[in-house]
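Residue-level listing of the chains:
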Amino acid sequence: MSVRSALPSALDFDAVDLGRRGFLAVVTIGSLLGLGALGVVFPGSIFGTLLEVIFAKGTIGSALRRSTPIVLAAIGGIFAEKSGVINIGLEGLLIISAFTAIYAMELSNNLWVAFFVAVVASTVLALLFAVVCIEFRADQIIAGLAVWLIALGLAPFASQVIYGAPNTDTVRTPPGMNEVLEGLPVVGDAISTLGGLVGDTLTFVGGLPVVGGLFHASVVVVVGALVEADVGVYLMFLMVALSWYLLYRTRFGRWVRASGENPKALDTAGVSVTRVRYAAVLLSGVFSGMGGAALSLSLGQFTGNGQTMVNGKGFIAIVAYLFGNYNPVGAFFSTLLFGGLDAVQTNLQNVDIGVPSPLVRVIPFVMVIVVLALVGRTRIPSAAGEHYESGEE
Amino acid sequence: MSVGDRVRDRARSALERLVAASATERALISFASLVLAVVIGTVIVLVGGRMTTCETAAFYLGHPRPFGFPQLFRIGFCYDPVLVFDRLFIGALGDPLKRGWGPFTPFTGGPINPFRAGYDPLNAQMANTLKETTILVFTGLSVALAFRAGIFNIGTQGQMLVGGLATAVSVLWVSSLVSGLVGTLALIPLGLLVGALFGGLYGAVPGALKAYADANEVITTIMLNFVATGVILYLVRDVFKDPDSFANQTVPLPDYALFPSLVFPSTSNFSIAALAFAVVCVFALYYLLTRTAYGYDIRTSGIQPAAAEYGGVDAKRTIVTSMSLSGALAGLGGAVYVLMVLGNYQTGVPAYGFDGITVAILAGNNPLGVGFAAFLFGILKSGTLVVQFSTDVPPQLVGVLRGLIILFVAMPEFFRLIGRRVLPAEPDRPGGTAVATDGGREPDPAAHQDAAASGGEDR
Chain A
1 MSVRSALPSA LDFDAVDLGR RGFLAVVTIG SLLGLGALGV VFPGSIFGTL LEVIFAKGTI
61 GSALRRSTPI VLAAIGGIFA EKSGVINIGL EGLLIISAFT AIYAMELSNN LWVAFFVAVV
121 ASTVLALLFA VVCIEFRADQ IIAGLAVWLI ALGLAPFASQ VIYGAPNTDT VRTPPGMNEV
181 LEGLPVVGDA ISTLGGLVGD TLTFVGGLPV VGGLFHASVV VVVGALVEAD VGVYLMFLMV
241 ALSWYLLYRT RFGRWVRASG ENPKALDTAG VSVTRVRYAA VLLSGVFSGM GGAALSLSLG
301 QFTGNGQTMV NGKGFIAIVA YLFGNYNPVG AFFSTLLFGG LDAVQTNLQN VDIGVPSPLV
361 RVIPFVMVIV VLALVGRTRI PSAAGEHYES GEE
Chain B
394 MSVGDRVRDR ARSALERLVA ASATERALIS FASLVLAVVI GTVIVLVGGR MTTCETAAFY
454 LGHPRPFGFP QLFRIGFCYD PVLVFDRLFI GALGDPLKRG WGPFTPFTGG PINPFRAGYD
514 PLNAQMANTL KETTILVFTG LSVALAFRAG IFNIGTQGQM LVGGLATAVS VLWVSSLVSG
574 LVGTLALIPL GLLVGALFGG LYGAVPGALK AYADANEVIT TIMLNFVATG VILYLVRDVF
634 KDPDSFANQT VPLPDYALFP SLVFPSTSNF SIAALAFAVV CVFALYYLLT RTAYGYDIRT
694 SGIQPAAAEY GGVDAKRTIV TSMSLSGALA GLGGAVYVLM VLGNYQTGVP AYGFDGITVA
754 ILAGNNPLGV GFAAFLFGIL KSGTLVVQFS TDVPPQLVGV LRGLIILFVA MPEFFRLIGR
814 RVLPAEPDRP GGTAVATDGG REPDPAAHQD AAASGGEDR
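Protein chains in written order, with this note's numbering: chain A, 1 to 393; chain B, 394 to 852.
There may be inaccurate statements among the hints.
[What the hints assert, rightly or not] So, partial list: chain B residues that the calculated Cβ filter (under 8 Å) puts toward chain A:
#1 439
#2 441
#3 457
#4 545
#5 792
#6 800
No lab work stands behind these hints: they were computed from the structure.
Model, not experiment: these values are computed from the prediction.
For each residue, glycine too, the CB sits at the ideal point set by N, CA and C.
Model the full assembly from the supplied sequences, consistent with the hints where possible.
Okay, here's the thing in structure tokens:
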């Protein structure tokens, strides 16, 4: 009996896993729909309030904005871990890039430069992590922790040196998508005409009784949130699609996955495991750098008190990709769930529902624990966390 | 002799050899890491000193001037790295050394006595250092114990908070029943017990989730930290709040319920009795891990779970009990923090739990090492205040140093590589292990031989 349970249940895990995951998704959507129905039927009850908060215009926009850095860091984490290097230092990469983005923005006053510099800074730190893990065979978890701690000290230190305080000065924030489009010569005019027309139609449909309410909730709010979202959100959409393609539809993606699952086979096939892992870890730096830049640039300031403005987003990113089963799209949806919960709880704090706000604030974290307990462990790549030594040297 | 017993015996002898061989190496690596971190910290201070602006430079670097050679150029820096590290390490102990560090200036006359005249080891700064050390011993032991069982407990912070609040509330309830010396003798053990109990229960949650629901403990413990912070904020703000205070804190405990300060100044919030208790815990945990059957179960589960189970260890139960014990140690830290430092419970407890991770890593998860590592980090924490007070260098530097130390400790191979360059290679050296999250798994012998072989070719 002990032998049986000692064997890793990796073989039968995949099948069970998908079933459980699917089941959970159905339960989640079902309960959300149920809540929604209750809210529509009893608008005065707590469910009505909840529904109102969820579909308030700000909530979805804020959920998307909150998700951006987490999703980007999660994509980075996916590449690293798929290749066999567990990068727990995503938090540190976010911190360092969030700070450098603001500093570069102030020096150059150019969004692209700021963005680029932040990505470079994060990638350099990721390179350090890669060298330590791959070259010097450090324990990946501890080295990742060190990356976090170094960034946690270094960014406020630099801010203190340059700005005289842990928080930086504020800089210009990037424009929303609507501003970008309206800035374009012909498109801008067309959009404003079209917008007027669409607006009229929407007002008409929205005026209808029950249909109007549902329509308003589903279309107007989502479209509105998308139109007002800043460019960072679109960057996130683009990167989710791109990284999925890279990981599952290209040769490089196949190497990355092989490097984490069966490095020996990859080695035998004549591909250097070390190089693939370096590339994957550097990619985690690139994506996290984008996330950090999107985070601080969208707010126009880096705040470095306590856990800094990143405040655990890197760790939540890890949770997100584990939930998403290492799939960028899955990571996106699980982050959106979490970012949505977070946005809902922030708005709930303004509406009195009889629950004290510190307790409302822990809802997302409790949800993560509950879901994790139900889904159980994700099957991590079999060679993740282990150093690989090529036979021929 | 059953197969299980034989596996046990073999694992035990392998373990003992491993520990004996690697203890010295680990101590050396930890020391080298500290030195390297200080070197890189110096570079960071110098770079920072060039980036900021100041009226007059605090530190100059120039070329040497033998035989009255004129100074052609020199670079000024706003921060003085020597002063920073002097304040950080020596200031934290209350300045035991003479200005200029005595032994390094032997030609100034007089016998070489590095110690400052009139140095009182029982000074306030030393008390502050030992205060930090005391708390860090508990959180460090908490993380180290879980590590040894193969569990990465990042939730020490939350467990400490839960234990601390439980202590503050329970001791307050009971404190009206007793008073005086009897009160001290009754309330402190009670407070410690309650802290350990609640910390242990909060630690058992991620343990049970890992054992029975296969939930990754790294994530659950991080999440439980957030949950603890939120729920405790609610409890302290709305339920147990001191009605006479504007801050979020509980009603202050009477003086007789707190650790007496004894030999150190009473304003220092430090009690040598609490430190003594911490030291007792260090040895108790060492004894538990190395001399008892349960400790053996913990260590084998950490190193080789499959073998442990084959040898008859109930893996699930070991996970839950070791997490409970780890949480109990964290809860003790919270209790001591309440009964020695705060005197009530206040929100905004510093991140001792996270420091506990770094302490445990630096100590190689050895309880005895935790004592030393906690003292080093106690110096760093208390020295931060001295640096802030007496220099312009941002105190966040200490955070960077902490990260660098951990980074270097994590890469023993780096030091071995240097060692192999400098010293002749030993062909048959037992596999020394660095600290690892799996409790120190024995490295793959083949990989090790490869490394040794390539090291040989390098020469």
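Evaluated hints:
1. 439: violated, 11 Å
2. 441: holds, 4 Å
3. 457: violated, 29 Å
4. 545: holds, 7 Å
5. 792: holds, 3 Å
6. 800: holds, 4 Å
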